[in-house]
Amino acid sequence: MSYADIVSVTLVVGLEVHVELATRTKVFASAPNPANPAFHDAEPNTLIDEVVIGLPGALPVLSRSAVEMSMMVGMALGCRIAPLTKWDRKSYFYPDLPKGYQISQYDLPVCFDGAVRLPGLDEKGNPDSSREGATIGIIRAHLEEDAGKLLHESPGGRAIDFSIADYNRAGAPLLEIVTQPDFTSAKQVVFFAKMLRNICRFLGVSEGVMQKGHMRFEPNINTHLTLADGRVIKTPIVEIKNLNSFRAVEAAIEHELAEQPRRWIEDRRVMGKGMKVTRGWDDHRGVSYVQREKEDAHDYRYFPDPDLPPLTIDEAWRERVRERVPELPMARAERYAKDYGLGAKEAAALVEERDDCFFYERATEALATLGTMRSVAGKLAANLVLQSGAKRANERGVMVSELGIGAAEVAAIARLREEGQIGNQAVETLFDGMIESGAGGDDAAAALARVRKLAEERGLLIVRDDASMERWCDEAIAAQSAAAADVRAGKQAAIGRLIGAVMTASGGKADAKAAREALLKKLK
Amino acid sequence: MRSARDIARGVAAREFSAESVTREALAVIDRENPRVNAFTQVFHDFALAQARRVDADLASGKPAGPLAGVPVALKDNICLSHGRTTCASRLLENYHSPFDATAARMVMGAGAVIVGKTNLDEYAMGSSTENSIFGPTRNPRDITRVPGGSSGGSAAAVAAGMVPVAIGSDTGGSIRQPAAFCGLVGVKPTYGRVSRFGLVAYASSLDQIGPLARDCADAALVLDVLCGKDEHDATSVDLPTPASHNTLDEPVSNLVLGVPTQAWSTANHAGVTASLKSAIDTYKQLGAKVVDIDLPLSDYAVAAYYIVAPAEASSNLARFDGVRYGRRAEGAKDLTDMLCKSRREGFGPEVRKRIMLGTHVLSSGYYDAYYTTALKVRRRVKDDFDAAFRAGCHAVLMPTTPGPAFAIGEKIGDALAMYMEDVYTVGINLAGLPALSIPAGSASVGGATLPVGVQIVGQPFEEGELMRIARMLERAGQSAGMA
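Protein chains in written order, with my numbering: chain A, 1 to 524; chain B, 1001 to 1483.
If you're looking for bench data, these hints aren't it; they were derived computationally from the structure. Cβ atoms here follow ideal geometry from the backbone N, Cα and C, with glycine treated the same way. Warning: the hint list may mix true and false statements.
[What the hints assert, rightly or not] Where chain A lies over chain B, by a calculated footprint (3+ residues, C-beta under 8 Å): (1) 1026 to 1035; (2) 1078 to 1087; (3) 1094 to 1108; (4) 1200 to 1208; (5) 1227 to 1235; (6) 1361 to 1369.
Please work from the sequences and hints to get the whole structure.
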């Protein structure tokens, strides 16, 4: 057997995602939670109490807000919310696990049975409405506690011959989301992962900072090989543990997609009981490596935690939580495309970051307040946010909403441009000017006054004065006599150089369209 | 020693000081403890400091708590930020808890003076207080005999007059059986009545903290202080406290008591059967109706208990790994070796046995056969009691133990005989019901006359009624004694 015998390879991926919920306290203790922004930079072993480190006599008490955040994510993923849920102990010994068991959920997770719709994607993984989308089933989302961390070198990187335990993370609320094996490409998985992060941000349940481990991914990957003789071979499932960047998720899946057919040619192992392999991911070398061979090497001895009574989630509570679920990013993107005529890619870009999306919506709103038709306002605000805004944000490594310019000022600039009071060059100048002066409040009319004042001070307002235009045209024709001759001779294309000269002569105050008309009249 | 209620009344009225009561108690402890070995630690200075604080508070006009100046002994599996919390285990020999158990906080808040920690079977696993790194506690009634267990130290401290009341914990009879062996009243409240926060867990779904005292009134006084919802214990229940002390002397009218056919086991000591009969007669004379009931599943209660309790214990004791606190073995090769060595050196044989048993019954492939089956038995044990209550019984009357206190060393090598000590008590923990043991007679064994208790099992959260029923028997016995 060789590669030649494999006619086609299909990828099958299911995903487990761990999301650290940003509650103020830990899930079963009142100690502060490192996943909450207020406690990000805590010194090791300061976010602990008797419950977190499992002192004798300490008892867990469930945080209702962790349950509510879990419910919100479940609802966003189309899950059913369990009317009765409970917690179980998952037993294993490791020094980062203070009690010798993890409080998790075995058979009655808070959320189950959901599905999300993914758009069709192009080769780069961007939405493409001309391609077919996919539905990803969500098996369950359960709420459990995180473990602490073991450090094998001292802070600063000095080698040590012992390990250091930091229990700050121990007991942090962790939502584990498990999908059906419905993904057929690495790009799809990454799109889902990003979408999930974005959903979590929109719900306010996680900041989704990958470097801080707010989200960790564990794809279960195998391939279906169609052979020349028509047989279909399913390769053993490989679970890759603890991926904490989108790049690693994509690279690990692509790696397995390439490796699994090769492994099959070598060892002929196929999917089946006891064949599942757990692998780690070496980000530097870009390869996976075996961590654990057999699927059921561990016996976790799950049993219901007697310290935590089962939890009833009644309809009233469920509906109160449902009211707190805002319009989700995908729904917003669809609305922008439909209402404002944005392309799928543009619309998707606008919902990528929660704060930028809200910034964009405020700009659109302000623009509508200034008298621009809403359908036009959405488009104009999108252009400014995605072009002038995104360019500067990228340069500075911040979000558009963090640049310093306010959404009302963005609307004011768009409004001036729409009214033909400023040119494109002036838009950029004013954008920078408003970044410098900083946001001045949400009132659209006041922002318009501020922006207009700056435009005036800088002489950026288009002058509709025939005498000036006459003068600028004459200067331009004198400066670009060759081009003027060409236009006279009927070479229309040469007009561009003359318009440019008018803009230079006017210092950007001329309206390009008006300049074109005046030049053509003169050169007739 | 005076009763707890007399001390509290006298201290509150400033007839005598909490300090003088405490000095008196410490003197008795210093005299008696070497003989019975009830205490793992005695807090001379800490006790006097608490007592002086009580006196100072009263002097400054603060209201007296219901236990003002009452010396109390605390079982050494209940956390206290003073001294050590050892669970009578090598592993926790030098463990200092940074916090107080809610139960300890409650009694101290009521004005009690904690004079020391009492001996127990390691992690409360045992029925004789012989499984302890501090050596066995002796029964003050006959020092060749065990005081029962696992709250044997608390029972012995009260029986020897070292303290008027003590706090114990009961997972399968660990308050009631020592009470019976030492001639005391011992109460296990309804599961959820008393906060378990700070009680080092043995079997979380069965453990309850409760009082041991010389009579019903003192037991009720402490019980009322212990009860209440605690935000640190999710299994504690938000119900008004029973106020059993105030209503104690109101007899229950039209009282109906059920006596299970299983109470008349041929394995009972003659003195146990006679004491039960005598209690039944007394109640009948008081106008109660005594009816036969059947608790068919009680035959399986011991078996179910020795699956459920070790299963939970195997998990509860997993935290003792020598990493963050407790004894860590020297010279380990690696992580696993350190863990195994620390636990092997730290735990005694009975604890190791129960951890292995519990680990086994939760293992994949055995879980359903053992653990799931035991949970089914558990539900039906409760159903049996519910049926009796539905049929009109206010409470169920039965022996506390099959026999009186046995000799030290008599059963230590025979696990099954030791486990059968719990035959009348474990079912009540499985059902989560309130129950108490009260002195009801005596038994002669080889020339010695030993106390015998009867057990009264009440309806959920009806501790007030349970105490009144017990008090009826106690008062009849007192008047008979006087006659």
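Of the numbered hints stated previously, which ones are contradicted by the structure, given in increasing order?
Violated hint: only 1; rest satisfied.
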